[in-house]
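Just so you know, the protein sequences line up as chains A and B, in that order. Position one of the first sequence corresponds to residue 550 (the working numbering), numbered consecutively onward. Position one of the second sequence corresponds to residue 11 (the working numbering), numbered consecutively onward.
Simulated from the structure, these hints should not be mistaken for lab results. Check the hints yourself; a few may be wrong.
[Claimed, not checked] If you anchor each label on the Cβ, the simulated ranges turn out as follows:
#, chain 1, residue 1, chain 2, residue 2, range
1, A, Asn793, B, Leu280, 52 to 60 Å
2, A, Asn793, B, Ile12, 49 to 57 Å
3, A, Thr574, B, Arg123, 17 to 25 Å
4, B, Leu280, A, Ala656, 51 to 59 Å
5, A, Asn717, B, Gly126, 19 to 27 Å
6, B, Arg123, A, Val710, 22 to 30 Å
7, B, Leu280, A, Glu749, 45 to 53 Å
8, A, His635, B, Arg91, 30 to 38 Å
9, A, Asn793, B, Gly134, 24 to 32 Å
10, A, Val636, B, Leu149, 43 to 51 Å
11, A, Thr863, B, Ala218, 32 to 40 Å
12, A, Thr863, B, Val188, 28 to 36 Å
Even glycine gets a Cβ: it sits at the ideal position worked out from N, Cα and C.
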Amino acid sequence: MAYEKYRRWQPLALLTVLLIAIALTAAFAPPALQRTVTDALIKLVTVLGLFIFIGNSGVFSFGHVGFMAVGGYISAILTILPAKKHVALHLPAALEALQLPGAMSAAIAVLATACFAYLVAVPFVRLRGIALPMATFALLVIVHVVALNWQDVTGGRQALVGLPRFTNIWVALAGACFALAVAALHQQSRSGLALRCSRENEVAAAATGIDVARERLIAFVLSAAVVALGGVLYAHFLGTMTANTFYLDLTFVTLTMLVVGGMRSLTGACAGVALVSVVSELFRTIERGASFGDLTIKAPPGLQEIALSIILVTILIVRPRGLMSDWELSFPLRSASRKEE
Amino acid sequence: MIFLQNAIDAISLGAVYALAALGIGLIFSIMRLINFAHGELIMIGGFTLYGLAGQPYLVMALAAVLAVAVMALGMERIAFRPLRNANPATLLVASFAVSYLVQHVILMIFGSRPMGIDFLPELGGSLEFGGLRLPKLQLIAIVATIALMTSLALFFRYARTGIEMRAAAEDFTMARLVGVRANRVIAVAFVISGVLASVVSLYLVAQAGTVSYKMGVNLVLMAFVASVIGGMGSLVGAALGGFLVGMLSASLQAYLPVDLRAYRDAFVFLAFISFLLWRPQGLLVSHADQERV
């Protein structure tokens with residue numbers, strides 16, 4: 550029964566193959582479409598990061614986009630040309646002279662953000678009920694206000710420009726596969742299992758000896774690290790950093806992706822990113838003006854966001870557990886739970 | 011004297027936050043929904059005023075109140091009623107979506123740039139009392155808040171619907187069992203919440219003289235904080251929380267060193283997090299909110 554032993558890694562393997570297949574196909578597509586797929590892969594990194602905490606614990610966090618911002622800014626400061634930093638920012642001399650290669654700065658940014666997340670999480674995980682989501686909301690606002698006003702380090706209200714744009718489709722693919730592996734490993738680990746147990750019934754979990762606060766802490770830090778990786782990739786994809794990029798709008802889009810696909814499974818998280826990206830791209834095309842034969846449809850900006858919010862509300866009403874609910878991609882295409890029956 | 015002046019500013023800001031927090035707290039107490047879209051109700055009020063610019067002020071104001079109340083009812087009917095049994099986090103996400111939807115519909119129609127509008131410019135001046143500056147608008151805000159709160163308190167104390175709403179806030183299922191009609195109570199709650207929001211938008215528009223599709227967001231974030239600090243589900247708490255947050259915000263503005271003033275909101279939210287850690291259930295706890303196992 551060696552096969553059964555590896556069965557739980559099936560979703561990870563299948564989703565990775567699927568991602569590689571999509572990226573390979575997109576590599577032959579026109580550059581505009583390639584950029585869209587790269588963007589979707591970066592969002593996937595973030596959404597998988599959100600999944601690690603929100604999906605497994607069942608507790609919403611509205612603050613993770615703040616970790617994207619922290620990761621992005623750290624990586625920006627470590628990679629921008631010293632001459633450019635001298636003009637735009639006022640950093641300590643040692644930091645100003647520093648210019649690291651992309652991979653190293655990404656690693657430092659992710660680790661530093663994880664440390665920051667740990668400091669935040671230690672008090673946060675003690676909160677119960679709606680207080681924890683509210684506290685993460687407050688965290689998002691704090692990070693935003695600081696990013697918007699700390700002229701010397703973040704450039705304040707002006708965009709921070711000149712980040713090396715090293716995130717191409719292959720880098721994004723590598724990031725997405727890495728995030729997928731981390732999320733799957735955590736999901737199947739003892740800690741992940743205990744956390745999911747507390748999601749179903751917090752009191753019962755605590756009664757069976759699960760330290761809910763500890764498992765939440767582990768997931769929160771891990772998820773912040775993955776989300777920070779998403780932020781680093783996104784910053785080096787756009788080539789600029791602004792405080793407003795990493796605020797309510799991005800929070801909304803990433804949460805929509807997670808909830809629409811289904812926050813209880815890895816497959817759901819991936820499906821949500823795919824669906825929302827396709828819908829966004831479709832409406833963006835219409836906003837630019839799409840021609841079908843003689844007919845040209847052009848809509849004012851805002852249509853994309855309207856469509857997304859309608860989809861989100863509809864999913865919440867009709868299918869509150871998301872499109873995939875608990876289902877994980879497996880072969881043959883049937884759920885593990887049905888097999889046990 | 012400077013202290014007195016700061017106190018007046020703090021109280022008037024607190025009054026506005028208290029009104030917004032009451033609107034949020036009212037809905038939460040009955041259906042456990044933290045209504046992020048409350049900010050968009052305020053925004054709709056602003057745009058109604060914009061659309062009717064040039065009419066008599068009374069007509070503009072009444073139309074704004076009416077439009078916001080209808081909007082609040084619509085939100086409840088379309089988005090929140092089907093979700094009535096969902097958990098608070100799901101409801102919060104749903105209200106996030108509604109807020110985003112309304113914002114972008116307005117963005118699509120009016121564009122993203124703030125638009126100027128003259129509404130009660132006469133209230134721009136201030137009265138002087140022996141060196142104290144009393145802006146007329148802030149005086150009116152304080153008076154209006156006190157009047158609204160008194161009438162709300164009377165409504166909850168004596169009116170049949172008000173008593174039913176208090177019962178529903180205490181224990182929704184039990185209230186239904188003894189004959190409180192759920193749909194009616196929730197609809198009335200949304201109407202009241204809408205009226206409170208429209209008063210806030212009257213104040214905002216008279217003060218800033220502009221409307222934009224994001225005008226409600228910052229205020230509603232503060233009102234969130236206020237209603238949680240007061241104790242979610244407690245109306246007195248929400249009002250109290252509003253005053254506290256307003257006063258904290260105004261005193262930070264007055265007493266922070268100049269180069270830290272831009273970070274005022276960060277300090278407010280930091281204080282909020284510390285408060286949550288100290289007393290996560292809020293200042294005034296409603297019995298319905300205590301977790302039972």
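Results for each hint:
no.	hint	in the structure
1	A:Asn793 / B:Leu280: 52 to 60 Å	21 Å, violated
2	A:Asn793 / B:Ile12: 49 to 57 Å	35 Å, violated
3	A:Thr574 / B:Arg123: 17 to 25 Å	41 Å, violated
4	B:Leu280 / A:Ala656: 51 to 59 Å	29 Å, violated
5	A:Asn717 / B:Gly126: 19 to 27 Å	45 Å, violated
6	B:Arg123 / A:Val710: 22 to 30 Å	24 Å, holds
7	B:Leu280 / A:Glu749: 45 to 53 Å	34 Å, violated
8	A:His635 / B:Arg91: 30 to 38 Å	58 Å, violated
9	A:Asn793 / B:Gly134: 24 to 32 Å	31 Å, holds
10	A:Val636 / B:Leu149: 43 to 51 Å	48 Å, holds
11	A:Thr863 / B:Ala218: 32 to 40 Å	35 Å, holds
12	A:Thr863 / B:Val188: 28 to 36 Å	34 Å, holds
The structure fails hints 1, 2, 3, 4, 5, 7, 8 (numbered hints given earlier, in ascending order).
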